[in-house]
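S.K.: Chain A is already provided as a structure; the job is to place chain B on it using the hints.
For the protein sequence lines, the chains are A and B, in the order given. For the first sequence, our numbering begins at 1 and goes up steadily by one. For the second sequence, our numbering begins at 1 and goes up steadily by one.
Be a bit skeptical, because a hint or two may be false.
Some chain B residues well away from chain A (every beta-carbon gap over 12 angstroms; in silico) [unchecked claim]:
| hint | residue |
| --- | --- |
| 1 | D1 |
| 2 | A13 |
| 3 | S14 |
| 4 | L15 |
| 5 | T20 |
| 6 | L33 |
| 7 | A34 |
| 8 | K45 |
| 9 | E55 |
| 10 | L78 |
| 11 | T85 |
| 12 | C88 |
| 13 | Q101 |
| 14 | I107 |
Here are the in silico distance ranges between beta carbons for each label pair [as the list claims (entries may be wrong)]:
| hint | chain 1 | residue 1 | chain 2 | residue 2 | range |
| --- | --- | --- | --- | --- | --- |
| 15 | B | A50 | A | D89 | 28 to 34 angstroms |
| 16 | B | E79 | A | D62 | 28 to 34 angstroms |
| 17 | A | R67 | B | S77 | 45 to 51 angstroms |
| 18 | A | Q82 | B | E79 | 40 to 46 angstroms |
| 19 | B | T20 | A | N106 | 39 to 45 angstroms |
Derived from the structure by calculation, the hints contain no laboratory data. Note that the Cβ used here is the ideal one computed from N, Cα and C, for glycine as well.
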Amino acid sequence: EVQLLESGGGLVQPGGSLRLSCGVSGFTFSNYAMSWVRQAPGTGLEWVSVIYTGGSSRYYADSVEGRFTISRDDSNNMLYLQMNSLRADDTAVYYCAKFRQQLVFNAPDVFDHWGQGTVVTVSS
Amino acid sequence: DIQMTQSPATLSASLGDRVTITCRASQNIHGWLAWYQQKPGKAPKLLIYAASSLEGGVSSRFSGSASGSEFTLTITSLEPDDFATYYCHQYNTYSRGSFGQGTRLEIK
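This is chain A alone, in the form it adopts within the complex (with noise of 0.2 angstroms):
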């Protein structure tokens, strides 16, 4: 059975960094991309990241450039999210999701399987 559990969420003030982590299981990690998406209280989803196969092709959202880091540690079946600078804006559940098919590099996909989500609140 595909899982992915997210963690790493909590409080921070406006400035701070967090980082979330996203634990998989049931899937040959390695061969899949990875995305970030959140969606702020109340309102819809935002993609925000995503990192291929392998690691070296990663792309953000306008509105995390050069704030936020994806990276992945394929022996540890790890996706993280690095999140720098943080803004009240960037107060939303953060979900880690799964390509739905293995070995697509730079070429884009649905998500197949999502996280539950972790909760990260910017405020002072």
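M.R.: Below, chain B without anything else, positioned relative to chain A:
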């Protein structure tokens, strides 16, 4: 960036009804459009990908179609479990994606 305009924002319907939700893309996305269902406090669930392909395990009461830049999700014979929020997702570009604003389907 590609913008997705989803409508309606809210849809009221009764059990057994047939409903449609629409997404329009600001650019040609070559059919790379997915639909997700989300219930309160839960992660989204993939329903449809590539505009009209049904994800495994999803009821055949859900279907997707495309006409140019306009994409439609149709749900027939509404059941209690269908009342949720639905999002379209364009994935035409490998370096970024975008979602529609969502449609909340509520019981009339």
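S.K.: The output says B:D1 does not contact chain A. Does that hold with a beta carbon cutoff of 12 angstroms?
M.R.: violated, 8 angstroms
S.K.: Grab the minimum beta-carbon distance between B:A34 and chain A and tell me whether it stays above 12 angstroms.
M.R.: violated, 4 angstroms
S.K.: Does B:T85 sit more than 12 angstroms from chain A, CB to CB?
M.R.: violated, 8 angstroms
S.K.: A cut-off of 12 angstroms on Cβ-Cβ distance, and B:L15 was said to be off the interface with chain A. Does that hold?
M.R.: Nearest chain A Cβ is 26 angstroms from B:L15, so the label holds.
S.K.: With d taken as the least Cβ-Cβ distance between B:K45 and chain A, does d exceed 12 angstroms?
M.R.: violated, 8 angstroms
S.K.: B:S14 clear of chain A by more than 12 angstroms, beta carbon to beta carbon?
M.R.: Since the minimum Cβ distance to chain A is about 25 angstroms, B:S14 lies beyond 12 angstroms and the statement holds.
S.K.: At the C-beta level, are A:Q82 and B:E79 separated by a distance inside 40 to 46 angstroms?
M.R.: The hinted range 40 to 46 angstroms holds for A:Q82 and B:E79, with Cβ atoms some 42 angstroms apart.
S.K.: Using the beta carbons of A:R67 and B:S77, state whether their distance is inside 45 to 51 angstroms or not.
M.R.: holds, 46 angstroms
S.K.: So is B:Q101 really clear of chain A, every C-beta pair being over 12 angstroms apart?
M.R.: Non-interface label on B:Q101 violated, nearest chain A Cβ at 5 angstroms vs cutoff 12 angstroms.
S.K.: Are all beta-carbon distances from B:I107 to chain A longer than 12 angstroms?
M.R.: holds, 20 angstroms
S.K.: For B:L78, which was marked as not at the interface, is the minimum beta-carbon distance to chain A over 12 angstroms?
M.R.: Per Cβ check, B:L78 is outside 12 angstroms of chain A; nearest 22 angstroms; holds.
S.K.: Is the Cβ of B:L33 more than 12 angstroms away from each Cβ in chain A?
M.R.: Non-interface label on B:L33 violated, nearest chain A Cβ at 9 angstroms vs cutoff 12 angstroms.
In summary, the numbered hints that this structure violates are 1, 6, 7, 8, 9, 11, 12, 13, 16, 19.
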